[in-house]
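Chains as they are written, first to last, in full-length UniProt numbering: chain B, 1 to 345; chain F, 1 to 263.
Any given hint could turn out to be false.
Think about it this way: if two alpha-carbon atoms lie no more than 25 angstroms apart in a straight line, the pair counts; the simulated SDA-like pairs of lysine to any residue are [what the hints assert, rightly or not]: (1) LYS226(F) with LEU53(B); (2) LYS113(B) with ARG35(F); (3) LYS113(B) with GLU44(F); (4) LYS112(B) with LYS226(F).
The set of hints was computed from the structure by calculation and includes no laboratory data. The structure displayed is predicted, hence computed values, not measured ones.
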Amino acid sequence: MGIEVVVEGLTKSFGKQEIWQDVSLTLPAGEVSVMLGPSGTGKTVFLKSLIGLLKPDRGRVLIDGVDMAGGAERDIYETRKLFGLMFQDGALFGSMTLFDNVAFPLREHTRKKESEIRRIVMERMEVVGLLGAEGKLPGEISGGMRKRAGLARALVLDPQIILIDEPDSGLDPVRTALLSQLLIDLNAEFDATMLIVTHNLDIASTVPDNMGMLYLRRLVTFGPREVLLTSEEPVVAQFLNGRREGPIGMTEEKDSATLAREAADGFASAPLPPLAPQLEPSPGLGPRRAAERRRRRVLTLLDQLPPAARAEIRKAYGATAPGRSDAEQATLTPPPPLPTRRSGT
Amino acid sequence: MSAPPRTPSPLLGPLRQTGRLFTLAAEVCRAAFRRPFQFREFIEQFWFVASVTILPAALVSIPFGAVIALQVGSLTQQLGAQSFTGGASVLAVIQQASPLIVALLISGAGGSAICADLGSRKIREELDALEVMGISPVQRLVVPRVLATMLVAVLLNGLVSVVGTLGGYFFNVIMQDGTPGAYLSSFSALAQLPDLWISELKALIFGFIAGVVAAYRGLNPRGGPKGVGDAVNQSVVITFLLLFFVNTVMTGLYLQIVPPKGG
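Same shape as in the complex, but just chain B (with noise of 0.2 angstroms):
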């Protein structure tokens, strides 16, 4: 089961650019949990800092007890280990094929058998779809291919916190939808805390089970998934609709007086999109043991939830009760291994 991570108080900027400050949140283990935000607002940076890349300037990242943002160097490296980052070009090392690639943490982080490293590999190549390029070298695959690579080279050490940087820059979108459905199902595989940074709004919509939105040097929000999806905040709404009216603008805040028109123009509040259902893993896995968790964390929330939310709560897992004790029960006999289920599909 992955690891919970706990944010408290985060706070970075770059010389005088406050990138956000005060950012609190928690992402529940196991579970799959989505940061958007229009690009600039410091989404990589907030990703770098949770894994201690970059330091922030108040504010604790703990992980295990270990406090990435200002801990002991030692104890930082050492908790690395339990991470796979997911570079946005993949930061694959351009002198090496993919394979090496894909193998070096093995290589650096365990005394494995060539033999060995090279069955996990393949095992990795083949989830994320690239079994016959692993002679490659970086520059020589395209972008798509390049990230993918880099998901398999953070998905070898079996990390138990997932880190994915814009999953979807640089894909199409039926690239895209495999994509989400593939991280889903790593989630099932692995049951390894993941968060995901994108501004793709449908891996935002079927993906995760909590969201969070950085927007103007803050964290808007952070909570169960139906909370931001039904959110009457503007900002939010505007966003999940990629509309061009509302207080998002060009240059991440539009002048009073654009808003002003916006208003009188009556743009400012049209509907939410209707809530998409989240992806399940794909036939065969199991589900997602995560999503068990998840259901009794979110029942216990409920009261303090906004009443939109509560509604869709209750409508997903009202309507799944019946169908949630088989699920309860394969939950309890742990899922067959993974590469014999990966061959069918």
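Given the coordinates of chain B, assemble chain F onto it according to the supplied hints.
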């Protein structure tokens, strides 16, 4: 809200850079003893640095030995001390010329390549990827490179000393009609073993400086591919400045500490 951040004084910039350079140097020294040692990377880098520096070093050292021999020979001739040409020119070559030639070549040929390599890895986020995997780039990449430049510097210093001395001998004996006997006897009258030690020690330290500065600039390029180019440029210039400064200090110390043989 916190207090508005203070604007740092522009005077502090160079100091901060210097501090970070020394921090990296200290970190390299510490990480050099941390297991596992990256032997493969070390051999590869050693081979690379050696292969780009051996030939230029040998080619530079012949004329360099020659000009020193010619200049010193001409001076001693005017002073009437021609029999001491050998000792003087050999000492100049071994103590001063050789470590500097080695360091300049290592910094210019090897250090610039190291800086460009690390810099492009940095902007491609490869170094971040290493850190995310829990691997220190300093231990994995910088330590082998710095040790490689140090070892190459020491070995190359021997080569340059020999070639430079032979060049000086050739020019003194053949071109200036010096006698081989006087050349050799003045050599053994003035030169002593510590001269060779200080030469190798200088080469070792210069190699360290060249490696650390190249790595430092490579690890901190400013903004994109252009930044890497600038970093390479700066690394060579900074290394040169540091080398001549450190050389002055070391030479001064040596002349104070080790008594001259001829005196």
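Tell me, in ascending order, the numbers of any earlier hints that this structure violates.
4
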